[in-house]
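Asks: Working from the sequences, and respecting the hints, build out all of it.
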Amino acid sequence: AQTVTQSQPEMSVQEAETVTLSCTYDTSESNYYLFWYKQPPSRQMILVIRQEAYKQQNATENRFSVNFQKAAKSFSLKISDSQLGDTAMYFCAFRDNQGGKLIFGQGTELSVKP
Amino acid sequence: EAGVAQSPRYKIIEKRQSVAFWCNPISGHATLYWYQQILGQGPKLLIQFQNNGVVDDSQLPKDRFSAERLKGVDSTLKIQPAKLEDSAVYLCASSSQPNSYEQYFGPGTRLTVT
Chain D
-7 AQTVTQSQPE MSVQEAETVT LSCTYDTSES NYYLFWYKQP PSRQMILVIR
43 QEAYKQQNAT ENRFSVNFQK AAKSFSLKIS DSQLGDTAMY FCAFRDNQGG
93 KLIFGQGTEL SVKP
Chain Z
1479 EAGVAQSPRY KIIEKRQSVA FWCNPISGHA TLYWYQQILG QGPKLLIQFQ
1529 NNGVVDDSQL PKDRFSAERL KGVDSTLKIQ PAKLEDSAVY LCASSSQPNS
1579 YEQYFGPGTR LTVT
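Chains as they are written, first to last, in the numbering used here: chain D, -7 to 106; chain Z, 1479 to 1592.
FYI, nobody ran anything at the bench for these hints, they're computed from the structure.
For clarity, every value in this text was computed on a predicted model and none was experimentally measured.
Heads up, a few of these hints could be off.
As a list, the in silico DSSO-like pairs of lysine-lysine whose alpha-carbon atoms are at most 30 angstroms apart [claimed, not checked]:
| id | chain 1 | residue 1 | chain 2 | residue 2 |
| --- | --- | --- | --- | --- |
| 1 | Z | 1522 | D | 70 |
| 2 | D | 47 | Z | 1522 |
| 3 | D | 65 | Z | 1522 |
Listing some non-contacts, in silico: residues in chain Z with all C-beta distances to chain D over 10 angstroms [what the hints assert, rightly or not]:
| id | residue |
| --- | --- |
| 4 | 1493 |
| 5 | 1494 |
| 6 | 1495 |
Simulated DEER-style distance windows between Cβ atoms [to be verified]:
| id | chain 1 | residue 1 | chain 2 | residue 2 | range |
| --- | --- | --- | --- | --- | --- |
| 7 | D | 47 | Z | 1486 | 23 to 31 angstroms |
| 8 | Z | 1481 | D | 75 | 20 to 28 angstroms |
| 9 | Z | 1487 | D | 76 | 22 to 30 angstroms |
| 10 | Z | 1549 | D | 62 | 20 to 28 angstroms |
| 11 | D | 9 | Z | 1559 | 46 to 54 angstroms |
| 12 | D | 106 | Z | 1532 | 46 to 54 angstroms |
| 13 | D | 77 | Z | 1522 | 25 to 33 angstroms |
| 14 | Z | 1546 | D | 54 | 39 to 47 angstroms |
| 15 | Z | 1517 | D | 9 | 27 to 35 angstroms |
| 16 | Z | 1481 | D | 77 | 13 to 21 angstroms |
| 17 | Z | 1490 | D | -7 | 32 to 40 angstroms |
| 18 | Z | 1559 | D | 75 | 38 to 46 angstroms |
| 19 | Z | 1551 | D | 64 | 40 to 48 angstroms |
| 20 | D | 106 | Z | 1574 | 34 to 42 angstroms |
Don't be surprised by glycine CBs; every beta carbon is placed ideally from N, CA and C.
Replies: Structure, rendered in structure tokens:
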């Protein structure tokens, strides 16, 4: 069974600084999708970035980028130029190829301080 | 395009009572997911529908939880009788197809069982 682990329950960063959130996963599949979701206090899950496992190039979306290490089964999220609005819970997720369900990690609570 | 709608946003009940949640997915989305998110954890799939058929309900506590998706559009999730450990946020998500990588989430229903 696939598992997703986020080992950092809480992190904080100063506004305008860079922060990296860690995620590891376990799977026997060779092709899959990985995601980072943001969940602010409103509880709305917002897709931040996705990575397709067969693509070697790391995904980038504006200030957000990932470091995808397939052999190590590692998928970290880097947030550059952190903004106060980035304060939220961040979840790493693995997409199950059988039915498409998402398997989430435990989350990292990120606080951006002024 | 309207997003995924859920109601109610909040619900407080006593243990052993029953409760129902409603979800209206994005128009045309064939796949619908119900996730349970216990405080401090990542969401966990309860049940997945493809149109009005169940694809995966392996994590649904069937002695007390039930769900249906009549006509392949709206869905309801019911708990009867509720237990204290059912206190959680119930998230509904939809995607156009099971193999579509992106799931769109609703705002969730926060259930408190006292």
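Asks: Just to be sure I understand the hint, the distance between the Cβ atoms of residue 1481 of chain Z and residue 77 of chain D should be within 13 to 21 angstroms; is that true here?
Replies: Taking Cβ atoms as reference, residue 1481 of chain Z and residue 77 of chain D lie about 19 angstroms apart, which means the hint holds.
Asks: Measuring from beta carbon to beta carbon, are residue 1487 of chain Z and residue 76 of chain D in 22 to 30 angstroms?
Replies: holds (25 angstroms)
Asks: Would you say the C-beta atoms of residue 106 of chain D and residue 1574 of chain Z sit inside 34 to 42 angstroms of each other?
Replies: Once the Cβ atoms are compared, 40 angstroms apart, the range 34 to 42 angstroms for residue 1574 of chain Z and residue 106 of chain D holds.
Asks: Given the hinted pair residue 1522 of chain Z and residue 70 of chain D, is their Cα-Cα distance within 30 angstroms?
Replies: Given that 30 angstroms is the threshold and the Cα spacing comes to 25 angstroms, the pair holds.
Asks: Holds or violated: 46 to 54 angstroms for the Cβ distance of residue 9 of chain D and residue 1559 of chain Z?
Replies: holds (49 angstroms)
Asks: Can we confirm that no CB of chain D comes within 10 angstroms of the CB of residue 1494 of chain Z?
Replies: holds (26 angstroms)
Asks: Tell me if the beta carbons of residue 47 of chain D and residue 1486 of chain Z are separated by a distance inside 23 to 31 angstroms.
Replies: violated (41 angstroms)
Asks: Classify the label on residue 1493 of chain Z as holds or violated, using whether its beta-carbon is more than 10 angstroms from each beta-carbon of chain D.
Replies: At about 23 angstroms from chain D, residue 1493 of chain Z clears the 10 angstroms cut-off, so the statement holds.
Asks: Please test the hint of 40 to 48 angstroms on the beta carbon pair from residue 1551 of chain Z and residue 64 of chain D.
Replies: With a Cβ separation near 43 angstroms, residue 1551 of chain Z and residue 64 of chain D satisfy 40 to 48 angstroms, so the hint holds.
Asks: When you take the CB atoms of residue 1549 of chain Z and residue 62 of chain D, is the distance between them in 20 to 28 angstroms?
Replies: violated (42 angstroms)
Asks: Looking only at beta-carbon atoms, does the pair residue 77 of chain D, residue 1522 of chain Z fall within the given range of 25 to 33 angstroms?
Replies: At roughly 27 angstroms between Cβ atoms, residue 1522 of chain Z and residue 77 of chain D fall inside 25 to 33 angstroms, so the hint holds.
Asks: Is it true that residue 106 of chain D and residue 1532 of chain Z lie within 46 to 54 angstroms of each other by Cβ?
Replies: Because 48 angstroms falls inside the window, the suggested range holds.
Going down the numbered hints, you'll see the structure goes against 7, 10, while the others check out.
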